[in-house]
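Colleague: Make the full structure from the sequences, and use the hints.
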Amino acid sequence: MDIFKEKLVSYIKAEIKDKKNIDISNKESEKLIKNPPDDSFGDYSIASYYAAKYGFKGKPEQIAEEIYNILISNFDKINDSFNKIEIKGAYVNFFLNKVKFASHTIRKAALSKGEYGRGVQEKPLKVIIDFSSPNIAKPFGVGHLRSTVIGMSLSKIYEFCGHDVTKINYLGDFGTQFGKLITAFCRYNDIDFTEFEKDPVKILYGLYVRIHKDELADAAIEEEAKNRFKTLEDFISINKRKLDDYLGSVNNTKIENNEHVSSKTTGEVCASQEIKLSEINKNSLCGTQEGQYYLWKLFRKLSIDEFKRIYKSIGIEFDAYEGEASSAEFSNDIKEILLESGIAETSEGAAIIHIKGINTPALIAKSDGTSLYLSRDIVTAVSRMAKYNFDKMIYVVGSEQALHFNQLLGIFGILKENINKIKDSSNFKNYASLIDGKLVHVKFGRIIGMSTRKGNLVFLEDYLEEARLKAKEKLEERLKNLEDSFFGTGSVTSLKPEKELTESEKEQLYSTSLNVGIGAVIFNDLKTRRTTDVNFNWDNVLSFEGQTGPYLQYTVSRINSLLSKLGEFDLNNLNKYFSFSQEDVDFNDIFLISKHISYFNDMLNEAMEQNEPSVLSTYALELASLFNKYYQNYRLIGKDFEYIEPRIFMLSAVRSLLAAVLNLLCIPVLERM
RNA sequence: GCGUUCAUAGCUCAGUUGGAUAGAGCAACAGCCUUCUAAGCUGUGGGUCGGAGGUUCGAAUCCUCCUGGACGCACCA
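Quick note, in my numbering, the first sequence goes up one by one and the last residue is 673.
Honestly, I wouldn't trust all of these hints.
Under the rule of at most 30 Å between Cα atoms (straight-line distance), these lysine-lysine pairs were calculated in the DSS-like manner [as the list claims (entries may be wrong)]:
no.	residue 1	residue 2
1	53	84
2	100	17
3	156	27
4	138	230
5	88	13
6	5	123
7	34	7
8	366	230
Quick list of simulated restraints, FRET-style, between CB atoms [said to hold, decoys possible]:
no.	residue 1	residue 2	range
9	402	645	53 to 59 Å
10	223	359	27 to 33 Å
11	629	52	34 to 40 Å
12	22	579	34 to 40 Å
13	59	391	46 to 52 Å
14	400	83	49 to 55 Å
15	402	113	39 to 45 Å
16	579	478	35 to 41 Å
17	529	76	41 to 47 Å
18	361	52	47 to 53 Å
19	22	342	50 to 56 Å
20	358	420	21 to 27 Å
Don't read these hints as lab results, they were simulated from the structure.
Treat the numbers as computed from the prediction; the structure is a model and nothing was measured.
We put the CB at the ideal spot given by N, CA and C, even for glycine.
Modeller: In structure tokens:
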């Protein structure tokens, strides 16, 4: 809320209290004020039918008149900020002192250097955001990208609002699928180890696909995979640590290392992480517990290295990498605790929990005793509570897993209610009872209809490459007209073929194309409300015009270019107490821009409250659009300095705010494009 | 069958704690570069807000039913 609105709210509140003896709380009086749909209705308004909730009586028009009369008598208290009050039908409309508003807002935004709207919390919440979470041994696809950018964006939004965020990548590094992968690796004798070292994830994915296919024809494969997974899980639980002891010590544990098993136990075979694939003795690995554990670790490490490379290329960072495997060790403890307390029951050899309101029982252990996704998630949530003492934990996972998360949330509700039925597990009791109400599943829709020219699964890297090439094509075409604007002054590049470019120019061309491509791809995932499925369309993603990431990036570049041509002034050397003049032809458009700037804080909070980055996408598009209209209609170069000076503040304000929002949306900001 | 979720312009979507005349972008058509980057801007056409009821002074928004789609529904994650 901007200070003008604050002033208005407290004035209205005080006058109504004084004249009518109605006390409206701050929050409610804020709600009373609406933004009119059209300029002719002023800048803020009270709709009389809202006022009716607080004891005003009569027809809407009469209420409006009563409120008007209450507010007009002491209007001089706010007439430095507001020019007039007016009745229009059932509404009381307020008109800002536009010059004052625009000057104040733009000054504030320009001088806060990208920190405009940053929140300060008296008590910051400890927020954990669990996102991306790719499956090891499966390529990083576009589905993961959506979780990744939504999660990363939310992390930045919460941080910007002043909260304490921990970003966790919870790797799918465990489960029956690894039994399959090891089975595949051990069964097939035609694996190309040279290729394996070059592109491990693709080879692993190939193995995964192949074993799936062969499994349909040979039931023995499935059996072998199950056994191998059991072997793996047994081995990981070899130290037989107790969950409760673990929870007591988790503060000092580095979860991300996933060292469930000491090197002493694993012996020689695990001693060297640097072992060459080509030197692997398959037979000795496939036949022993340690060997299979080693294979699993190897697959895991290769995949993580690959993921880290991808994250780096698109500017994604995590505070911690965790894996499901670290929870698997305790899945048996969980099962026992829940069964003993009567919270869970046995059914067809498996352990289940019935949750009120959910028809499908939650399955927490398989009949062969091995762990499941859900049981591992229970352990993970509890150990995170022990480690981080979080106030809120957000899972950014697709809508198709809604049932899973409803079950998870439901289980913690049950645990809280029945916590006293649990015996001899004080740490578990303590932490588990704190979790209810703190978990949030931030779900998002699927990406529909995306496929490569031939296949179905699109690898992220290929996707980004398509976008980069398209951006490059477009940039090269534009370079003919850009003259020196792109590479900087002095370099005549307009008609140079690519091979005559200098190394640094080539580099600039490459990085700009890449960043435009990334901007387009990421924005495409963040521009619509999370829950709606995205209808994927190559033409839309690669168009770069209209409501796109590159449009936003372009707007920033344009401002950069203009500011540098105006002389790259340091705002500190300019008159900070400038004022716009209502008579200037461009004033009304400047006012509209300032008004939009003032909405930023509300939009930021809305984005956080709804866990919805698209609120900011829409906001950024509107701001860019307002600015581009201004840019098109009015020229600055060649005007008097007196005229230009306050507009430099306006340009700086829009630039830093747009750049800040782009940053919150994980979209690269470019100097030039 | 049960559950979740969605349906707004030809296409992709905003607008959803009920409020003043339902908005953008793309595509189509007509314009704007000797002047700050045309990845831009201006204009035109395009809507029974899936359908029917209901609640309300007032419904794209809330409720019920219907139609259509997506996703999920016990030993995968």
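Colleague: What are the numbers of the hints the structure violates, in ascending order?
Modeller: none
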